[in-house]
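Given chain A's structure and the hints, the job is docking chain B onto it.
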Amino acid sequence: MLSLLAATPALPLDEAGKYVAGAYVVFLALLVVYVAIMAAKLQRIERDLRELASFAEQGAGRAAPEREEVSA
Amino acid sequence: MYGKGLKPLSIASTAAIVAAFSLVFFYAPLDADQGFIQKIFYLHVPLSITALIGFVVGGVFAIAHLRSGDSKWDAYSYVSIHMSVIFGVAVLATGSIWAKASWGHWWVWDEPTLVSFLIVFLMYATYYPFRYAIEDRERQGRYASVFAIVAGAFVPLNFMAVRMAQSLVHPRVFATTNGGLPGSMMLTFLACLLAIGLLWVTLVKFELTAKSASGQVKRLRRALDAPLPGGRSRVAPEVS
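These protein sequence lines are chains A and B, in that order. Just so we're aligned, residue 1 is where the first sequence starts under the numbering used here, counting upward by one. Just so we're aligned, residue 1 is where the second sequence starts under the numbering used here, counting upward by one.
Heads up, a few of these hints could be off.
Pair ranges (Cβ atoms, derived) [claimed, not checked]:
{"hint": "1", "chain 1": "B", "residue 1": "Trp109", "chain 2": "A", "residue 2": "Leu49", "range": "42 to 52 Å"}
{"hint": "2", "chain 1": "B", "residue 1": "Gln34", "chain 2": "A", "residue 2": "Met38", "range": "27 to 37 Å"}
{"hint": "3", "chain 1": "A", "residue 1": "Glu57", "chain 2": "B", "residue 2": "Val146", "range": "39 to 49 Å"}
{"hint": "4", "chain 1": "B", "residue 1": "Gln34", "chain 2": "A", "residue 2": "Gln43", "range": "40 to 50 Å"}
{"hint": "5", "chain 1": "B", "residue 1": "Gly35", "chain 2": "A", "residue 2": "Leu49", "range": "49 to 59 Å"}
Don't read these hints as lab results, they were simulated from the structure. Backbone N, C-alpha and C define an ideal beta-carbon position, used for all residues, glycine too.
Bound conformation, chain A alone:
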């Protein structure tokens, strides 16, 4: 690994480096934006699931006394 690093050309971060860095940063920025959008979607799905779980629990709570009345 050290010999590989020693053999590598120095990165010329002058005028050209600015553009190369810009291109790679644009790519990474797009990836980050995409991941952020997907995270927001995931949060919405989680919120919907929580809401549905409480809805189902309320429904089960209401159904239980009704069943007791029928059996009595």
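Same frame as chain A, now just chain B:
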């Protein structure tokens, strides 16, 4: 079930990207003509190849949808095109930066490669309004599939037309009479192509998994007869 294998795929694509970018900056030699600027090539070209193949793959899934009538293939086609459009944005952005650095202009209108990619990108940008203009889900999927097949067939035709056109400034790197890329550059390029391709597959799977989860929640809501929160409407194809 779409999430199966997503974790190892994500790890593999991250490792592949790190390895490929390491090769770009620490292994591939500097180009004799363009110097350090040429490093954009290893990002820009794999992105564009992946995006174009993704468009064609979207067309192939659309054929499967029309043949079988299974909405699963419509979702695959939609997600493939969606991801390729995102990759297309990256292609245009990195290409513009490379053009500015090499030619001194952000965009060159008399260059067939650039303009043809822009035409393909804009054509697929119309896929969304075209798709969502149709309310009936059955018709929406069918018409979108026809669009995806026709547009997918246009991509290789467009590519061949550009290859036949006489280019003024855009380099022809592969299959040239001069022998193309040297070995170390070709190896780096192939590693980048593999990494970007793997990233595309991972993101498609990620998107399908999210759509599937969203579809399952909607099915559950219907089964429980629960009201929709805020009258939210669905715009993307559902995966169950």
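Now for the hints, and whether the structure bears them out:
1. B:Trp109 x A:Leu49: 42 to 52 Å: 50 Å, holds
2. B:Gln34 x A:Met38: 27 to 37 Å: 36 Å, holds
3. A:Glu57 x B:Val146: 39 to 49 Å: 45 Å, holds
4. B:Gln34 x A:Gln43: 40 to 50 Å: With a Cβ separation near 44 Å, Gln34 (chain B) and Gln43 (chain A) satisfy 40 to 50 Å, so the hint holds.
5. B:Gly35 x A:Leu49: 49 to 59 Å: Between Gly35 (chain B) and Leu49 (chain A), where Cβ atoms are some 53 Å apart, the hint holds.
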